[in-house]
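Student: So you can see what is in the structure, the chains are spelled out below.
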Amino acid sequence: MSLNLSAIRAIYGFEMARTRRTLMQSIASPVISTSLYFVVFGSAIGSRITEVQGVSYGAFIIPGLIMLTLLTLSVSNASFGIYFPKFVGTIYELHSAPMSYIEIVVSFVGAAATKSVIVGLIILGTARIFVDYEIVHPLWMVGFLLLTSITFSLFGFIIGIWADNFEKLQVVPLLVITPLTFLGGSFYSIHMLPPLWQKITLANPVVYLISGFRWSFYGIADVSVGISLGATLGFLVLCLVAIAWIFRTGYKLKS
Amino acid sequence: MQTMQQPEPASAIVSVSGLSKTYAGGFKALKDINLDIRRGEIFALLGPNGAGKTTLISIVCGIVNLGEGSVCVAGHDVVREFRATRSIIGLVPQELTTDAFETVRDTVTFSRGLFGKPKNPAYIEKVLRDLALWDKRDNKILTLSGGMKRRVMIAKALSHEPEVLFLDEPTAGVDVELRRDMWAMVRGLREHGVTIILTTHYIDEAEEMADRVGVIHKGELILVEEKRTLMQKLGKKQLTLQLTGPLQALPPGLAAWDLELHGDGSELVYTYDTQAERTGITALLHDLGAAGIGFKDLATRQNSLEEIFVNLLRERT
Chain A
1 MSLNLSAIRA IYGFEMARTR RTLMQSIASP VISTSLYFVV FGSAIGSRIT
51 EVQGVSYGAF IIPGLIMLTL LTLSVSNASF GIYFPKFVGT IYELHSAPMS
101 YIEIVVSFVG AAATKSVIVG LIILGTARIF VDYEIVHPLW MVGFLLLTSI
151 TFSLFGFIIG IWADNFEKLQ VVPLLVITPL TFLGGSFYSI HMLPPLWQKI
201 TLANPVVYLI SGFRWSFYGI ADVSVGISLG ATLGFLVLCL VAIAWIFRTG
251 YKLKS
Chain B
1001 MQTMQQPEPA SAIVSVSGLS KTYAGGFKAL KDINLDIRRG EIFALLGPNG
1051 AGKTTLISIV CGIVNLGEGS VCVAGHDVVR EFRATRSIIG LVPQELTTDA
1101 FETVRDTVTF SRGLFGKPKN PAYIEKVLRD LALWDKRDNK ILTLSGGMKR
1151 RVMIAKALSH EPEVLFLDEP TAGVDVELRR DMWAMVRGLR EHGVTIILTT
1201 HYIDEAEEMA DRVGVIHKGE LILVEEKRTL MQKLGKKQLT LQLTGPLQAL
1251 PPGLAAWDLE LHGDGSELVY TYDTQAERTG ITALLHDLGA AGIGFKDLAT
1301 RQNSLEEIFV NLLRERT
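These protein sequences, in sequence, are chains A and B.
Residue numbering for the first sequence follows this note's numbering, starting at 1 and increasing by one per position.
Residue numbering for the second sequence follows this note's numbering, starting at 1001 and increasing by one per position.
Just so you know, these hints were derived from the structure itself, not from any lab.
Hints are all accurate, no fakes.
With beta-carbon atoms standing in for the labels, derived distance ranges: (1) ALA17/A x ASN1120/B: 14 to 24 Å; (2) LEU240/A x GLY1026/B: 31 to 41 Å; (3) ASN1139/B x SER224/A: 49 to 59 Å; (4) ILE129/A x VAL1079/B: 50 to 60 Å; (5) SER1017/B x SER100/A: 19 to 29 Å; (6) GLN1094/B x ILE220/A: 56 to 66 Å; (7) GLU1125/B x ALA244/A: 32 to 42 Å; (8) ILE220/A x THR1143/B: 52 to 62 Å; (9) LEU240/A x VAL1079/B: 22 to 32 Å; (10) LEU240/A x GLY1075/B: 29 to 39 Å; (11) VAL1079/B x LYS86/A: 15 to 25 Å; (12) TRP197/A x THR1143/B: 53 to 63 Å.
For clarity, every value in this text was computed on a predicted model and none was experimentally measured.
Note that CB positions come from ideal geometry on N, CA and C, so glycine has one too.
Work out the full structure, taking the sequences as your base and the hints as a guide.
Tutor: Dropping the structure here:
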C-alpha cells in the first residue's frame, strides 16, 4: 500500500492547530525575546562595538539570533509534540493506526520545522525594525534555515521519545542547546576570542551552523561554508540513524 | 493446552497461533496462545486483572511488539502487512486517554484521518449522533464527564468504519445508562457484520453479550467455548444455611440432595445449578423442615471467577 498521506495530514494539521491555539507562546514570545536581544545587544552593546568584519554589530547578530531561536524552538516543538501523546497516553492511537514510522516522523518533524521556519522569518522581519541588513545569498539562507529546522526538529523528536518526564524534556534544550548556541558565536565572531578558545570553540557544532548562516547573509564566515554545510548534514544523518534505530527497536515506544 | 476446533479459514477474521510474549523485565504475559475469532461474532475474553487480556489485544492492534508466533487479521499478517490489518481494526482502550484541548468532532475526524480514510463529515455526524455526542460536538474534551469521554473513545474507534472492534474493559467505571447504550451499540454493529472482541473480568458481562467466551489466566488461554456451554459449566451457586443446632451427620432422608456439612456441623451447604429449570431450593427447605432441622440464617453465593479459574486449572492437570 502507498503512503498514508491522510494520516500525515491529520497529525501535521493537529500540530499546527496546537500552534494556533497557543499563539502567544509559539509566535509572540520568540518575537518579544528577540526584540529584547536587539535592544540589549544591538543598541546598548552595539553602540560600543561598531563593526565586526565590516558589518554593523546590530546586523551581525541577526543570523545568530535567528539560529538561537531556531534551535531552541525546533527542539522544544518536536520534543513536546511526540512527548505529549506519550505522557497522556494518546500515543496508542498512533501505534494502532496504519502508519509507518516514516510517516510519524515526517508529520511531527514537518510540523515542528514549519513552525521554526515561520518564527525564523518573523524574527527576520522584526529585525528590520531595528537594523538595516542585506542577504547576499538568499537561496543559501533559506537552505540553511530549512536544513537547521529539520535537523533540530529531528533531534527534538529523539529527545521527546527519550524523555520520560518533563524534567528530561527541558534538560537538553536548557543545558545543552542554549549554552552551545550562546557560545557558538551568536553574538560575536570566534576570531574575537583568545587563540586557545578559538580552537576549543571548533568542537561546538553550533559554530558551524551560525557561521554558515551568517555567510549566507553577509558573505563572511568563521569557518568555510563547505564545512558548515557538511557539519549540518552530518548531524542530520546522525539524527536519522538514531531515529531509525529507535523505531527498529521500539526504544521507549513499544514494549 | 486444550485443542481448539479449527473453523474454516474464511470464517476466522482474527487468527492467533502460537503467540507468546515476554516483557523486557522477564514477565511472561502470554504463553502459546492459539485462538480463532469468527467473522461477525461477539467474543469475550474473560480473565482476572493481569491475565494477559490487554497484552493480547495490544499485540493484535500493533501497540505491543509481537513476541513469538503469529497473528493474522482478515488473512493479513499484523507485522508484515500492518497497514492492511490496522486499517480494519478499531480499538477502544481501557484508559480514558484523550486530547483534552481538542473538540469532540475534531478528535474523531483526526482519528479517521490517521486511519487513511477520506473525510466524511456525514459519517462522523452519524457516529456522534449514535453515541449521543452530537450536542457536545464543539465542546472541548476536558469539559466532558468520564462517561462522555468514554463515548468519545468509542467514536474515535468507529471513525474509520472498522470491521473488527476491540473493546478493552468497556464497562469499567461506566454508569448503567452508558452500559446499556454501549450494549445496544455493540449489537447494532454486529448486525452490520462487525466482529467484536471485548475483554472483561465480569462473568455476567460475558454472559449478557458474547457468542463465545475465551477464558485467560496467567497468560494462558484455558478454554474457548460457546457461551451457553460455558455458563452451564460455570453457573453453579451455593446456598449456605446456618443451623440452629450442629449436626453430627446428614439424616438419611436428605441423601438425595447435594449437601455438605461445614463448620463442625453448624453449616449446611447446598450446591445447585442456576441454569437449571428448577433449583430445588423450595423442596429442600421443605425436606429440612420435615426432618426437623431448623436454621437461623441463610446466604447464597456464586462461584467467584477466581474459584472458577482454580477449578478450570485443576481440571486441566
